[in-house]
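Taken in sequence, the protein lines are chains A and B.
Heads up, the first sequence is in the working numbering, so the first residue is 1 and it goes up one at a time.
Heads up, the second sequence is in the working numbering, so the first residue is 1 and it goes up one at a time.
Misleading hints may appear alongside valid ones.
[Unchecked claim] In the DMTMM-like style, the derived pairs of lysine to aspartate or glutamate whose C-alpha atoms are separated by at most 25 Å in a straight line are: (1) LYS295(A) / GLU311(A); (2) LYS250(B) / GLU192(A); (3) LYS6(A) / GLU363(B); (4) LYS250(A) / ASP331(B); (5) LYS6(A) / ASP89(A); (6) LYS6(A) / ASP76(B); (7) LYS250(B) / ASP72(A); (8) LYS240(B) / ASP151(A); (9) LYS116(A) / GLU363(B); (10) LYS250(A) / ASP117(B); (11) LYS295(A) / ASP91(B); (12) LYS295(B) / ASP152(A); (13) LYS330(B) / GLU217(A); (14) LYS330(B) / ASP152(A); (15) LYS103(A) / ASP331(B); (16) LYS330(A) / GLU192(B).
Everything labelled a hint here was simulated from the structure, so no lab data went into it.
2 protein chains.
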Amino acid sequence: MQDILKGLRIVEGSAFIAAPMCGMTLAQLGADVIRFDNLTGGIDYRRWPVTKDNNSIYWADLNKGKRSFAVDLRSDRGRELVTALITADGDDAGIFSTNLPAKGWLSYESLTKHRKDLIQLAIIGDRHGGSALDYTVNAKVGYPDMTGPIDDSRPVNHVFPAWDNITAYMGALSILAAERHRRISGQGQKVELALADCALATMGHLGFIGDLTINNETRPRFGNDLYGALGRDFVSADGKRVMIIAVSAKQWTGLQAAGGFADEIRSLEDRLGLSLDTEGNKFTARGEIFEIIAKWTEATPYDVIERALIENGCCWGPYQTVRELLENDKDASDDNPIFSMVEQPDIGRYLVPGQPMTFSSTERRPAVPAPRLGQHTDEILGDVLGLSGGEIGRLHDDGVVGRPK
Amino acid sequence: MQDILKGLRIVEGSAFIAAPMCGMTLAQLGADVIRFDNLTGGIDYRRWPVTKDNNSIYWADLNKGKRSFAVDLRSDRGRELVTALITADGDDAGIFSTNLPAKGWLSYESLTKHRKDLIQLAIIGDRHGGSALDYTVNAKVGYPDMTGPIDDSRPVNHVFPAWDNITAYMGALSILAAERHRRISGQGQKVELALADCALATMGHLGFIGDLTINNETRPRFGNDLYGALGRDFVSADGKRVMIIAVSAKQWTGLQAAGGFADEIRSLEDRLGLSLDTEGNKFTARGEIFEIIAKWTEATPYDVIERALIENGCCWGPYQTVRELLENDKDASDDNPIFSMVEQPDIGRYLVPGQPMTFSSTERRPAVPAPRLGQHTDEILGDVLGLSGGEIGRLHDDGVVGRPK
Numbered sequence: 001m002q003d004i005l006k007g008l009r010i011v012e013g014s015a016f017i018a019a020p021m022c023g024m025t026l027a028q029l030g031a032d033v034i035r036f037d038n039l040t041g042g043i044d045y046r047r048w049p050v051t052k053d054n055n056s057i058y059w060a061d062l063n064k065g066k067r068s069f070a071v072d073l074r075s076d077r078g079r080e081l082v083t084a085l086i087t088a089d090g091d092d093a094g095i096f097s098t099n100l101p102a103k104g105w106l107s108y109e110s111l112t113k114h115r116k117d118l119i120q121l122a123i124i125g126d127r128h129g130g131s132a133l134d135y136t137v138n139a140k141v142g143y144p145d146m147t148g149p150i151d152d153s154r155p156v157n158h159v160f161p162a163w164d165n166i167t168a169y170m171g172a173l174s175i176l177a178a179e180r181h182r183r184i185s186g187q188g189q190k191v192e193l194a195l196a197d198c199a200l201a202t203m204g205h206l207g208f209i210g211d212l213t214i215n216n217e218t219r220p221r222f223g224n225d226l227y228g229a230l231g232r233d234f235v236s237a238d239g240k241r242v243m244i245i246a247v248s249a250k251q252w253t254g255l256q257a258a259g260g261f262a263d264e265i266r267s268l269e270d271r272l273g274l275s276l277d278t279e280g281n282k283f284t285a286r287g288e289i290f291e292i293i294a295k296w297t298e299a300t301p302y303d304v305i306e307r308a309l310i311e312n313g314c315c316w317g318p319y320q321t322v323r324e325l326l327e328n329d330k331d332a333s334d335d336n337p338i339f340s341m342v343e344q345p346d347i348g349r350y351l352v353p354g355q356p357m358t359f360s361s362t363e364r365r366p367a368v369p370a371p372r373l374g375q376h377t378d379e380i381l382g383d384v385l386g387l388s389g390g391e392i393g394r395l396h397d398d399g400v401v402g403r404p405k
Numbered sequence: 001m002q003d004i005l006k007g008l009r010i011v012e013g014s015a016f017i018a019a020p021m022c023g024m025t026l027a028q029l030g031a032d033v034i035r036f037d038n039l040t041g042g043i044d045y046r047r048w049p050v051t052k053d054n055n056s057i058y059w060a061d062l063n064k065g066k067r068s069f070a071v072d073l074r075s076d077r078g079r080e081l082v083t084a085l086i087t088a089d090g091d092d093a094g095i096f097s098t099n100l101p102a103k104g105w106l107s108y109e110s111l112t113k114h115r116k117d118l119i120q121l122a123i124i125g126d127r128h129g130g131s132a133l134d135y136t137v138n139a140k141v142g143y144p145d146m147t148g149p150i151d152d153s154r155p156v157n158h159v160f161p162a163w164d165n166i167t168a169y170m171g172a173l174s175i176l177a178a179e180r181h182r183r184i185s186g187q188g189q190k191v192e193l194a195l196a197d198c199a200l201a202t203m204g205h206l207g208f209i210g211d212l213t214i215n216n217e218t219r220p221r222f223g224n225d226l227y228g229a230l231g232r233d234f235v236s237a238d239g240k241r242v243m244i245i246a247v248s249a250k251q252w253t254g255l256q257a258a259g260g261f262a263d264e265i266r267s268l269e270d271r272l273g274l275s276l277d278t279e280g281n282k283f284t285a286r287g288e289i290f291e292i293i294a295k296w297t298e299a300t301p302y303d304v305i306e307r308a309l310i311e312n313g314c315c316w317g318p319y320q321t322v323r324e325l326l327e328n329d330k331d332a333s334d335d336n337p338i339f340s341m342v343e344q345p346d347i348g349r350y351l352v353p354g355q356p357m358t359f360s361s362t363e364r365r366p367a368v369p370a371p372r373l374g375q376h377t378d379e380i381l382g383d384v385l386g387l388s389g390g391e392i393g394r395l396h397d398d399g400v401v402g403r404p405k
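When you get a sec, could you build the whole thing from the sequences and use the hints?
This is the structure in structure tokens:
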């Protein structure tokens, strides 16, 4: 938790990854993010991984630090309450983030009847209003064709839901940009963001469209070779695997010193008639360079390789499983200030990250767990909507709102 | 181009992907992003892909819409000019984004002597001050172990530099958060962001740490199967491949209608004694469900599958190469408002994306090309630093600053 966005309030109606992660990011930066859900939870409330009691670790991790408002979204009274919450007064309020269908009572047109300067972020699948998920979008833009072993033509979807994550951060960025605009101009607005467009734009930003149009080049599979520079995975004498990269001059001389093969590289340059000081030439000659590096790593135990790479300021990383990461790597422990041990109600105690960026103006505090469903219903009805205890009691009696048993 | 951030000025000293992409994102949202470079360009100025004349398409795509200031960074006068640029007056100025070593004259401590309320974003490799790149970080956090075909144990690095991109958007988000804080409090600050921490935090946010700690579970390879829900790639009778996913109830009934196998699913539910209405149960029984879907796709031509999936509102996507994407997919053409044809000096004319989010308060205009190196040196010296024509001429004569020939 960091307080850099303290005061800002976002009301969120969300499911899956992108929209909840957008709000969780803002919540961990200090915003008051209120998530509303149906009385039994939304479509992703039991999403895997779950505990043996079917409580969702996934849901908890994507809703850390938010407040939870549980309400019957099919009832008129429930919809009135959510509308009032979204459009509540305050310079720092009136922001609605959603990937629910933003139509009918949740449409920008309906909501702005209650607050004219509303900011509404609508995260959608594709620009046509169709559904799209990380794995379908990834297939569409061409990465699975380029990912995976060279000797295997089957497409490989990357497991990391990168497009979801990117859409989440694009969404958070959009909210702050729109809020800045409102702070200056007084004007609210609707922001629309399609998951598919995040991936499509990225293909252009990373040079694939230009390379194809100008050079008529498409990128074949390079396995784990870095494109356009020098890098690949190597195996040590005792069977451990490391990714080794040399991009800067310092990394390149460091690597040659670590492996003691500077002379071999000089001979290779002479033989090829090519300076290996540029990224492009290193990539062109990578086959020969990789042979030299592999001869070293395959004859050397991992701990010797590790020490040599560290001592020479190389750019490298061991391959780790998630278990090895958690058990052996201090960066994934509370030695790293971004992590803290958190007791997550109904789930248990585990290591939880905050946001990776560190703001010098505000102290970093431990992460805050996700709420229980409806945990903040009563306080929100009271503090934000100004309802009396009696009115809140009647809403519970009528089954319009909910709180944990 | 969209003008939502119009007025904001960011000075950038950057290389590689994360830092330039951070600034490019803000530039395409209307900020005045000034990139400074040495007279012959930075370390990434010739990065692949390049044209046959060795002009970098990579560099162009990551610097779209910025202004370029070329200066001898080793000269005292050059350093003074960059310092003056970073710390120039103005409520909307005084923001410095960098992944250059932020020490000596570029340190926060030095720069704040000239402007106390400076905002400085320092993007670094890892929290220890070491270098880290997308491929090393990916190996470290465990994704290559989980990515790739089930029948092949070799680790697969995903080709998409996801951590670089995420660090870029985290950086842009940090700048807007810090600028909001300064607007309210008057206080500047330093923001530090490590690429490695972006990946480490993500492993927690996506449930891997909780699943291991609470359930003692790590995720094995599932190939292209979606984890915890229903989805996989399927091949049509004529050999085309599609990703098909069913998460929501609507997608699930739609898929059964598309393939005409609702009865088989009912029989399967009876046989297994399991309702296939929940994500978790679909994942558990995915082997049997995949057989039913594959029987349909493998006997059906692609165009029939495509029509059935569209008509029934399914969540799916074809696998495309980048060439197929560009040649056949209207979403990657100027039919999609996020794209426009742009003439990039020294490179050529190609389809260029803007930012994927659409702000209703500001019109979307075509993308702006990247500058030539030093293209805006003179106007920046005049307009931002207030130098006269004579002074600017002398800086050129002395070789302190540069502009395109």
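A quick look at each hint next to the structure:
Between the alpha carbons of LYS295(A) and GLU311(A) the distance comes to roughly 20 Å, so the proposed pair stays at or under 25 Å and holds. For the hint pairing LYS250(B) with GLU192(A), the CA-to-CA distance comes to about 23 Å; that is within 25 Å, so the pair holds. In summary, the hint linking LYS6(A) to GLU363(B) is not supported, as the alpha carbons are separated by about 30 Å, beyond the 25 Å threshold. With a CA separation close to 42 Å, the supplied pair LYS250(A) and ASP331(B) exceeds the 25 Å bound.
For the proposed pair LYS6(A) and ASP89(A), the alpha carbon gap of about 17 Å is at most 25 Å, so the pair holds. At most 25 Å may separate the alpha-carbon atoms for a hinted pair to count; LYS6(A) and ASP76(B) exceed this at roughly 41 Å. Among the hinted pairs, LYS250(B) with ASP72(A) is consistent with the structure: their alpha-carbon atoms are about 21 Å apart, no more than 25 Å. At most 25 Å may separate the alpha-carbon atoms for a hinted pair to count; LYS240(B) and ASP151(A) meet this at roughly 20 Å.
Proximity of LYS116(A) to GLU363(B) is assessed by CA-CA distance (about 20 Å); at most 25 Å being required, the pair is judged to hold. Taking the CA atoms of LYS250(A) and ASP117(B), the gap is near 34 Å; set against the 25 Å cutoff, the hint is violated. Pair hint LYS295(A) plus ASP91(B) does not hold up; C-alpha atoms about 57 Å apart against a cutoff of 25 Å. Distance check on the hinted pair: LYS295(B) and ASP152(A) sit about 24 Å apart at the alpha-carbon level, within 25 Å; holds.
Between LYS330(B) and GLU217(A) the alpha-carbon distance is near 20 Å, which keeps this suggested pair within the 25 Å criterion. Between the alpha carbons of LYS330(B) and ASP152(A) the distance comes to roughly 30 Å, so the proposed pair goes past 25 Å and is violated. A hinted pair counts as satisfied when its Cα atoms are at most 25 Å apart, and LYS103(A) with ASP331(B) qualifies at roughly 24 Å. Only pairs whose Cα atoms come within 25 Å are accepted, and LYS330(A) paired with GLU192(B) is accepted, the gap being roughly 19 Å.
When held up to the earlier numbered hints, the structure conflicts with 3, 4, 6, 10, 11 and 14 and fits the remainder.
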